[in-house]
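J.: Now for the letters of each chain:
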Amino acid sequence: MINKTVKNAAEAVADIPSHCMLMMGGFGLSGIPENCIQALLERPISGLTIVSNNAGVDDFGIGLLLKKRMVKKMISSYVGENAEFERQLLSGELEVDLIPQGTLAERVRAGGAGIPAFFTPAGVGTEVATGKEIREFDGKLYLMERWLRADFSIVKAWKGDTAGNLIFKGTARNFNPMMAAAGKICIAEVEELVEAGELDPNQIHTPGIYVQRIFQGVNYEKRIEQRTVSH
Amino acid sequence: MINKTVKNAAEAVADIPSHCMLMMGGFGLSGIPENCIQALLERPISGLTIVSNNAGVDDFGIGLLLKKRMVKKMISSYVGENAEFERQLLSGELEVDLIPQGTLAERVRAGGAGIPAFFTPAGVGTEVATGKEIREFDGKLYLMERWLRADFSIVKAWKGDTAGNLIFKGTARNFNPMMAAAGKICIAEVEELVEAGELDPNQIHTPGIYVQRIFQGVNYEKRIEQRTVSH
Amino acid sequence: MLTKEQIAKRIAKEVKNGQYINLGIGIPTLVANYISKNLDVVLQSENGLLGIGPFPTEDKVDPDLINAGKQTITMVPGSALFNSAESFAMIRGGHVHLTILGAMEVSENGDIANWKIPGKMVKGMGGAMDLVASAKNIIVAMQHCSKDGQSKLLAECTLPITGIKCVKKIVSDLAVLEISPNGGFILKERAPGVSVEEIRSKTAGKILIEGEIPEMTFE
Amino acid sequence: MLTKEQIAKRIAKEVKNGQYINLGIGIPTLVANYISKNLDVVLQSENGLLGIGPFPTEDKVDPDLINAGKQTITMVPGSALFNSAESFAMIRGGHVHLTILGAMEVSENGDIANWKIPGKMVKGMGGAMDLVASAKNIIVAMQHCSKDGQSKLLAECTLPITGIKCVKKIVSDLAVLEISPNGGFILKERAPGVSVEEIRSKTAGKILIEGEIPEMTFE
Numbered sequence: 001m002i003n004k005t006v007k008n009a010a011e012a013v014a015d016i017p018s019h020c021m022l023m024m025g026g027f028g029l030s031g032i033p034e035n036c037i038q039a040l041l042e043r044p045i046s047g048l049t050i051v052s053n054n055a056g057v058d059d060f061g062i063g064l065l066l067k068k069r070m071v072k073k074m075i076s077s078y079v080g081e082n083a084e085f086e087r088q089l090l091s092g093e094l095e096v097d098l099i100p101q102g103t104l105a106e107r108v109r110a111g112g113a114g115i116p117a118f119f120t121p122a123g124v125g126t127e128v129a130t131g132k133e134i135r136e137f138d139g140k141l142y143l144m145e146r147w148l149r150a151d152f153s154i155v156k157a158w159k160g161d162t163a164g165n166l167i168f169k170g171t172a173r174n175f176n177p178m179m180a181a182a183g184k185i186c187i188a189e190v191e192e193l194v195e196a197g198e199l200d201p202n203q204i205h206t207p208g209i210y211v212q213r214i215f216q217g218v219n220y221e222k223r224i225e226q227r228t229v230s231h
Numbered sequence: 001m002i003n004k005t006v007k008n009a010a011e012a013v014a015d016i017p018s019h020c021m022l023m024m025g026g027f028g029l030s031g032i033p034e035n036c037i038q039a040l041l042e043r044p045i046s047g048l049t050i051v052s053n054n055a056g057v058d059d060f061g062i063g064l065l066l067k068k069r070m071v072k073k074m075i076s077s078y079v080g081e082n083a084e085f086e087r088q089l090l091s092g093e094l095e096v097d098l099i100p101q102g103t104l105a106e107r108v109r110a111g112g113a114g115i116p117a118f119f120t121p122a123g124v125g126t127e128v129a130t131g132k133e134i135r136e137f138d139g140k141l142y143l144m145e146r147w148l149r150a151d152f153s154i155v156k157a158w159k160g161d162t163a164g165n166l167i168f169k170g171t172a173r174n175f176n177p178m179m180a181a182a183g184k185i186c187i188a189e190v191e192e193l194v195e196a197g198e199l200d201p202n203q204i205h206t207p208g209i210y211v212q213r214i215f216q217g218v219n220y221e222k223r224i225e226q227r228t229v230s231h
Numbered sequence: 001m002l003t004k005e006q007i008a009k010r011i012a013k014e015v016k017n018g019q020y021i022n023l024g025i026g027i028p029t030l031v032a033n034y035i036s037k038n039l040d041v042v043l044q045s046e047n048g049l050l051g052i053g054p055f056p057t058e059d060k061v062d063p064d065l066i067n068a069g070k071q072t073i074t075m076v077p078g079s080a081l082f083n084s085a086e087s088f089a090m091i092r093g094g095h096v097h098l099t100i101l102g103a104m105e106v107s108e109n110g111d112i113a114n115w116k117i118p119g120k121m122v123k124g125m126g127g128a129m130d131l132v133a134s135a136k137n138i139i140v141a142m143q144h145c146s147k148d149g150q151s152k153l154l155a156e157c158t159l160p161i162t163g164i165k166c167v168k169k170i171v172s173d174l175a176v177l178e179i180s181p182n183g184g185f186i187l188k189e190r191a192p193g194v195s196v197e198e199i200r201s202k203t204a205g206k207i208l209i210e211g212e213i214p215e216m217t218f219e
Numbered sequence: 001m002l003t004k005e006q007i008a009k010r011i012a013k014e015v016k017n018g019q020y021i022n023l024g025i026g027i028p029t030l031v032a033n034y035i036s037k038n039l040d041v042v043l044q045s046e047n048g049l050l051g052i053g054p055f056p057t058e059d060k061v062d063p064d065l066i067n068a069g070k071q072t073i074t075m076v077p078g079s080a081l082f083n084s085a086e087s088f089a090m091i092r093g094g095h096v097h098l099t100i101l102g103a104m105e106v107s108e109n110g111d112i113a114n115w116k117i118p119g120k121m122v123k124g125m126g127g128a129m130d131l132v133a134s135a136k137n138i139i140v141a142m143q144h145c146s147k148d149g150q151s152k153l154l155a156e157c158t159l160p161i162t163g164i165k166c167v168k169k170i171v172s173d174l175a176v177l178e179i180s181p182n183g184g185f186i187l188k189e190r191a192p193g194v195s196v197e198e199i200r201s202k203t204a205g206k207i208l209i210e211g212e213i214p215e216m217t218f219e
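Residue numbers (my numbering), protein chains in the order written: chain A, 1 to 231; chain B, 1 to 231; chain C, 1 to 219; chain D, 1 to 219.
Rather than coming from a laboratory, the hints here were simulated on the basis of the structure.
Take these hints with a grain of salt, some might be off.
[Unchecked claim] Derived pair list, reagent style DSS-like, types lysine-lysine, alpha-carbon separation capped at 30 Å:
(1) A:Lys159 x D:Lys37
(2) C:Lys120 x A:Lys73
(3) D:Lys120 x B:Lys132
(4) D:Lys37 x B:Lys68
(5) A:Lys159 x C:Lys60
(6) C:Lys165 x C:Lys147
(7) B:Lys72 x D:Lys120
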């Protein structure tokens, strides 16, 4: 089986250039590629366009890339919880393209699946529809939306094998599987990397064909945004 | 958790009427709903439109429904291996709509996912494109294809729980998950039915929201079309 | 006038056995606390979970298990996990029976505005546009008037729209109202102690009042 | 003239390390037997498997594990299973590097016909139209001529098309040919003992012959 292993995050992101399009898995701070974000901070690059459902918080996740002014544009569905983001946006340093969450998920899925366009009802009658083709099917109105693809996608999984097969945990799965497929080069960081053959083929969420580089991450903080407990 | 259990195949298919649209999971004879096919044979219905990748063989699978003249139309990608099918088709008793396999899978997926139409390159320049919208995206030509949805879908899984969650085995998964989601009523027969909570939530292939009825099947034959062995 | 908890409690009465339900952030989240224990329903979290359980005890907190509001949660027996595309396939495909969400404005034809205030920082629509465009039954939990006393039930929304002709029912601090298929807010119930006149005066859009309007009851 | 096994053996030389490959039914399936053991490649079965292993021994036969030709198969360490929509997402999305399939006719601009003969029973295109419309690199395994001696390498296909301008290379029993981007079959190699003249005479479409044409070699 093809071996996709690289040594670490630094090696995995070593060739990501300035001004490229980058997808990053995660919902809030759950399931984000912490190791690769740290490694990107060490690279002398800027002008990135990042596709990610959220934009992290001020001092964690994508917020760290924003603080270093590495990001030119965010393509997201929800970008609250980030003061630096707001400052850069209001000052015009940062562009943002806001997309309904389900449309974002489906556009990324379409990118990986070779579907250049599809129709969705989300956003009909709203400013999201501006400039888009509107079409009626079976008496209901839909917008045409285009696929999203990226030069690189960076995902975080729970377990992975050397062939690039991935298994996610809990709601940390979120956008990761679609982004894995929509990146020309997909980098996967995993909490536990095993030999090909150790994962049950029936339980794999992302088949290795979508993953070009994989490594076992270290020191996961897994920060919680809203620790809510019952007593 | 909502309990979707019904007693058996007879109860599950008791209200399937004549002239309805029916989806059936399976690829070849692998992963087909054997129990429900048997139960349908006992029902006094006809004029069915069946969406299934294949049409079974003469004396097994959907071939049995064909033999009883219960089927008006097949929507499939490949219908070889069936002499009775051929006879009915040539005599005009049976209609067939042949669809590229990937387009079929995606149209069914779109049906379940509320995507009324999408673009695919499969079939451009062929008779499959007849009457369809052709459109260029990024320099390549694509056909617009519509979703497929059904009144009932019948799927076969390996394990299931009373909440309707399903896990498939091997390549018997095939079209089953998409069809589960694309049927207004989805009937799932499973080899092993367990209580809600006994399946790992992280390993479920079809979430229970798509399944309206579930039962544990009996006496699976699992016939093999091409037994091929190495020595 | 109803408290937020009472709005949630009244909405909980709308829930039917066997439903799959998506609850928005804010008052809608509170609805979960008041759904009858006699009903089997499943709560969907759009970030990839069917079967939201209660918040975890301190020792069960798992950063890999959060809801759409990024709060730590638990699962219930029979839960299923999935990715974001599958989650919105469920929503868009009409598999979720009931969506309960907050609103800044609702119009008399069922338009809803709840994602953007011009001039203020735009945080994004998250999953709201997908939900309102796709759900079979949308119930809105909201305050009848803004803090400065302006009605939020209007002839037309003034804020940017989240979705058109989608709201079926509104539970405000003053009343329960349904959207008429022909346009207009049909007054169905009054909050305890609130008069029809007060509701009428605080509803800027067309209000339809027929016969005696009963007071809400809470079991 | 090459046997079917030799055609498969010659095609196996086209396989590169690290490729994901879809093999059609017939001669293409035989290619798996000749891929160098030094190469790490993964075979895709479009009914939902990456990592096709050898046929099972009698005691390992599993009706829930078949290939696209409905033959019983095995998996290899690192295999992954998935549904049919995901399988064709891989194909359509360009993730499969190489597709090898049979053909009834190929035209000089790379059109392929391999699914339907008018007047004969139509069995369906299966996954062939998706594969030819999406694959980055398509190699065709075929006989150069029909049983009654008609060339199957034509100016234009006469049979119903499976896909347009998609074939990159042909390995027939007589020759290896590439499709020129400007149209035409570029003769690259001759089967052992077959003359350029014979190939030219049996190729109905435009054939491009430049310089000395080497005989095929098999390691």
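J.: For each hint given before, does the structure comply? Return the numbers of the non-compliant ones in rising order.
T.: Per hint list: single violation, 4.
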